[in-house]
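Undergrad: Modelling step: build the complete structure from the supplied sequences, incorporating the hints.
Chains as they are written, first to last, in the working numbering: chain A, 1 to 412; chain B, 1 to 117; chain C, 1 to 386.
The hints are simulated quantities; they were obtained by calculation from the structure and are not laboratory data.
Even for Gly, the Cβ is constructed at its ideal location relative to N, Cα and C.
Treat the hints loosely; a few may be bogus.
Once the Cα atoms are required to be at most 25 Å apart in a straight line, the calculated DSS-like pairs of lysine-lysine come out as [to be verified]:
| id | chain 1 | residue 1 | chain 2 | residue 2 |
| --- | --- | --- | --- | --- |
| 1 | A | 226 | A | 250 |
| 2 | A | 370 | A | 68 |
| 3 | A | 370 | A | 332 |
| 4 | C | 67 | B | 38 |
| 5 | B | 38 | C | 63 |
| 6 | A | 219 | A | 206 |
| 7 | C | 362 | B | 112 |
| 8 | A | 103 | A | 250 |
| 9 | A | 196 | A | 206 |
| 10 | A | 179 | A | 103 |
| 11 | C | 362 | A | 219 |
| 12 | A | 179 | A | 332 |
Some chain C residues judged to face chain A by a derived CB distance under 10 Å, without partners named [said to hold, decoys possible]:
| id | residue |
| --- | --- |
| 13 | 37 |
| 14 | 146 |
| 15 | 154 |
| 16 | 245 |
| 17 | 351 |
Listed here are the chains, written in short residue letters.
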Amino acid sequence: MGEPKNARAAEALSGDTRGDLHTEHQLLNVGPSHPATHGTVKFMIELDGETIVDLEVQVGYLHRGFEKECESGSWYHVIPYTDRLNYNSAILANQGYCLAVEKLLDLETPERCQWLSVLAGELSRVGDHLTRCGAACLELAAMTPFRYGIEARELIWDLQEILCGARVTSNYLRIGGVKHGLPDEFPAACRELLPKVRALLVDFEKVVTRNRIFVDRLKGTGILSKQDCLRYAVTGPMLRAAGVPLDLRKQEPYLVYDEIDFDVPVGSVGDNYDRYLVCLEEVRQSLRIVEQCLEQLERLGPGPVDVKDPRVRWPAKGRVFSDTEERIQQFKLVTEGPRVPAGEAYLAIESANGELGFYLVSDGSAQPVKVRCRPPSFINLAPMPEMLRGAMLVDLIPTFDFINMVGGECDR
Amino acid sequence: MLTEYTGVLVILAISLVLIAVLLGIHLRVGPRREFPSKQDPFECGERPVTSPRRRIAVKFYVVAILFVVFDVEAIYFYPWGTVFRELGWFGYASILVFTLPLVVGLFYEWMKGGLDW
Amino acid sequence: MVVAVFVKTAFILFVVIGVLAPIITWVERKQSALMQNRIGANRASVAGMTFIGLLHPAADVIKLLVKEDVVPAGANRVLHLLAPVMAAVPAIIAFAVIPFGGSYHFGETTIELVVANLDWGLLYIFAIGSLAAYGPILAGWASNSGWSFLGSLRASAQMLSYEVTLGFSVVGVFMVFQTLRLTDMAIAQDTTFRAFAFVEGLFGLTLPASLGWISALRLPNWGIFLQPLAFVLFLTAIMAENKRPPFDTPEGESEIVAGYHTEYSGMRFGLFYMSEFIGVVVIAGLITTIFFGGWSVPYLSQEMIIAGVGHFFGVGFATGFCMLVHFVSFMLKLAAMIWLQMALRWTLPRFRYDQVMNLCWKILLPLSLANILVTGAVILALEGAA
Chain A
1 MGEPKNARAA
11 EALSGDTRGD
21 LHTEHQLLNV
31 GPSHPATHGT
41 VKFMIELDGE
51 TIVDLEVQVG
61 YLHRGFEKEC
71 ESGSWYHVIP
81 YTDRLNYNSA
91 ILANQGYCLA
101 VEKLLDLETP
111 ERCQWLSVLA
121 GELSRVGDHL
131 TRCGAACLEL
141 AAMTPFRYGI
151 EARELIWDLQ
161 EILCGARVTS
171 NYLRIGGVKH
181 GLPDEFPAAC
191 RELLPKVRAL
201 LVDFEKVVTR
211 NRIFVDRLKG
221 TGILSKQDCL
231 RYAVTGPMLR
241 AAGVPLDLRK
251 QEPYLVYDEI
261 DFDVPVGSVG
271 DNYDRYLVCL
281 EEVRQSLRIV
291 EQCLEQLERL
301 GPGPVDVKDP
311 RVRWPAKGRV
321 FSDTEERIQQ
331 FKLVTEGPRV
341 PAGEAYLAIE
351 SANGELGFYL
361 VSDGSAQPVK
371 VRCRPPSFIN
381 LAPMPEMLRG
391 AMLVDLIPTF
401 DFINMVGGEC
411 DR
Chain B
1 MLTEYTGVLV
11 ILAISLVLIA
21 VLLGIHLRVG
31 PRREFPSKQD
41 PFECGERPVT
51 SPRRRIAVKF
61 YVVAILFVVF
71 DVEAIYFYPW
81 GTVFRELGWF
91 GYASILVFTL
101 PLVVGLFYEW
111 MKGGLDW
Chain C
1 MVVAVFVKTA
11 FILFVVIGVL
21 APIITWVERK
31 QSALMQNRIG
41 ANRASVAGMT
51 FIGLLHPAAD
61 VIKLLVKEDV
71 VPAGANRVLH
81 LLAPVMAAVP
91 AIIAFAVIPF
101 GGSYHFGETT
111 IELVVANLDW
121 GLLYIFAIGS
131 LAAYGPILAG
141 WASNSGWSFL
151 GSLRASAQML
161 SYEVTLGFSV
171 VGVFMVFQTL
181 RLTDMAIAQD
191 TTFRAFAFVE
201 GLFGLTLPAS
211 LGWISALRLP
221 NWGIFLQPLA
231 FVLFLTAIMA
241 ENKRPPFDTP
251 EGESEIVAGY
261 HTEYSGMRFG
271 LFYMSEFIGV
281 VVIAGLITTI
291 FFGGWSVPYL
301 SQEMIIAGVG
311 HFFGVGFATG
321 FCMLVHFVSF
331 MLKLAAMIWL
341 QMALRWTLPR
351 FRYDQVMNLC
361 WKILLPLSLA
371 NILVTGAVIL
381 ALEGAA
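TA: The structure is reproduced here in structure tokens:
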């Protein structure tokens with residue numbers, strides 16, 4: 001990156017530029033409302049011409065008090081909030097929270113729920129990765145592949161709409177189950193749309209993956225070595241791109257991931273290009289998982305999608321109006337919410353950005369005492385100065401894109 | 001001889017009139033609701049930290065120097081290019097000699113790292 | 001004389017600014033929509049009719065005209081106003097030397113379809129191109145904003161660098177055509193040449209008769225066939241001069257907000273925008289003239305058309321017909337070149353700034369120098385053989 005090959009020349013040149021000519025560095029605010037900082041974050045950068053001398057990340061512009069807010073409602077009330085953490089993969093956040101509560105409750109959901117949860121989660125993972133790669137192309141001014149990626153994401157969101165009823169903040173998972181079973185039209189729609197998504201992915205790759213300009217802009221930029229990744233506790237595609245095959249779906253399988261056949265792609269260098277390749281491969285793997293889920297769900301057929309445990313069981317809507325017991329159950333759950341045994345639990349899932357963990361504390365009442373979220377974006381953003389010192393100003397763009405910081409999740 | 005240039009003058013005049021009309025309409029028709037924070041230079045929603053008008057990195061200056069050298073040399077290629085058939089191999093050899101320092105200079109700059117950013 | 005020139009200029013400017021530039025903004029929208037599986041521009045409407053989006057250019061102009069004119073505090077007001085003018089004027093007056101057709105004799109009167117038939121036409125283009133660099137530089141400096149300033153630094157370095165390459169890349173072309181006058185260049189391309197004659201001329205080989213039509217193949221005497229490398233170099237360099245994607249680092253919107261025109265609004269911005277679109281037409285016109293035979297029709301020279309049609313309808317009509325054919329031919333090639341630029345613009349990502357500079361100084365410049373030397377040697381060798 002602009003380093004003269006000859007060390008002596010570099011010394012002579014820097015001596016010239018800094019010693020005698022007294023050129024000054026420029027301080028610039030990149031953000032909070034800069035086209036590249038989608039999700040309102042601020043970088044204070046010090047520039048020497050086009051080179052970043054230093055960079056300081058300032059987060060918190062989207063702080064909404066998520067964790068505090070969670071303490072003021074019932075355990076159910078938190079689920080829609082988790083939708084708002086990462087708009088791209090709302091279901092994964094649902095999943096993390098619900099699994100953590102289920103851990104506190106010591107519940108095991110029926111197999112059908114688990115497959116549905118995995119299915120919905122993987123769909124949103126595909127959406128998230130497609131947005132990340134597409135948006136990266138957009139910011140590198142390759143508008144056409146961006147449109148291909150976004151079109152594929154739209155198809156995925158179509159599927160989510162059929163499955164969950166909403167495209168973005170779908171609020172699909174429940175403590176002890178899912179909102180409803182597989183809709184009848186879903187399998188057919190899935191079989192129709194997934195090949196289209198794959199075809200778009202091929203188009204997408206044709207335009208950029210071996211495009212010389214694209215490769216040149218990504219290769220060797222934003223490098224974070226394996227050691228540094230571990231030092232900063234970076235997780236997700238960023239860590240895997242650096243060559244560490246850590247994927248919680250494999251290492252600590254939750255739900256039914258131990259029954260699913262999928263690969264964990266790893267990179268070698270840990271630069272933006274590796275991150276890009278890892279993300280694209282994860283999209284393909286997630287599509288594979290979706291297909292396996294569909295197969296399993298069709299094998300299982302329709303049936304109940306939540307637990308029978310009286311603490312969290314939702315009575316069927318039809319019976320609420322005819323059966324007193326059911327009405328009482330519904331009334332208790334709606335007005336008070338489930339009581340969760342006292343204790344604490346931490347559960348992490350592999351979200352699209354990395355380890356998304358929820359640490360919950362309960363005093364046995366119907367309100368959480370503490371809902372702490374470990375947001376992968378926030379932690380992955382920390383090494384950014386390390387990745388960019390000495391790089392060109394524009395390397396900030398792809399690096400930030402592949403960190404995929406989402407304001408809602410980072411600032412909470 | 002000079003009549004050739006009438007066209008240039010005419011097109012210059014027309015373009016200036018056109019631009020004046022466009023800008024004139026804009027300045028008359030456009031609203032004016034000025035207040036201080038609107039007139040701040042764009043700094044992504046923050047107060048500017050440093051003024052942009054300061055001593056800038058020397059690399060841009062290096063480009064300017066290179067440009068002067070090469071552009072002046074390029075000018076010599078033009079008359080040579082149009083008549084080089086008459087000059088024959090002698091002309092070719094002379095331009096070769098002329099180009100050589102240019103190329104050597106370019107490679108010197110290259111190796112020195114002056115072309116790296 | 002002046003009246004004739006005035007009419008001609010007005011006509012050409014009308015075609016370019018009044019018709020082509022708006023249509024190009026429309027084409028840009030529609031072509032990108034096609035490439036990206038979108039519907040594209042179809043919102044602007046009059047009485048519910050959208051005219052396949054053709055109203056958008058008009059809507060653009062109206063919007064730019066009625067927007068508020070904001071000048072940032074601390075800006076140099078004079079230069080801030082002057083900068084867009086300095087950007088737009090060179091773009092427009094570059095048309096002066098681009099021939100839209102040849103010269104046609106109707107008895108005593110001669111009609112030349114070019115505003116100013118300068119004998120240093122190509123040099124004029126480069127001179128005007130250098131002036132165009134002032135617009136972005138002044139804009140960035142006058143705005144008193146960090147982003148604008150970065151943009152203008154980039155613009156100045158990039159435009160200066162590519163000007164050098166631009167200058168060197170076409171030397172090969174006028175070594176072949178032996179003129180800087182663009183009309184003469186187009187006339188020189190109105191013939192054909194035997195594609196493989198150089199094999200005999202250079203190496204003294206005789207093509208085997210079994211090759212048949214291949215050895216007899218005649219190509220139009222176009223710059224792209226005679227100087228293919230120069231075409232690539234020239235296209236790259238001049239697109240970089242015009243700062244359109246993928247070379248739009250001076251205004252890379254995801255990096256430095258909008259570069260040198262960050263602080264511009266309304267028609268002041270509109271002039272920058274316009275100058276870029278007119279630049280697209282100028283580039284298309286230049287490439288057409290230098291590398292694609294200008295207004296000429298391949299395999300049909302002007303004499304052939306006039307003689308052929310004149311045989312039936314008289315020379316006067318034939319000449320007029322020829323003029324029309326040439327104008328249409330030029331416009332078609334122009335459209336193809338504009339399409340090429342648009343397709344590139346919507347496919348390629350933006351270069352990184354150092355990559356732009358490396359491409360110029362480390363790849364294009366040595367290649368263009370090599371092209372000159374090789375071209376010279378080949379031409380002299382062929383002449384020696386002849």
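Undergrad: Under the constraints set out in the numbered hints, which ones does this structure not fulfil?
TA: Per hint list: zero violations.
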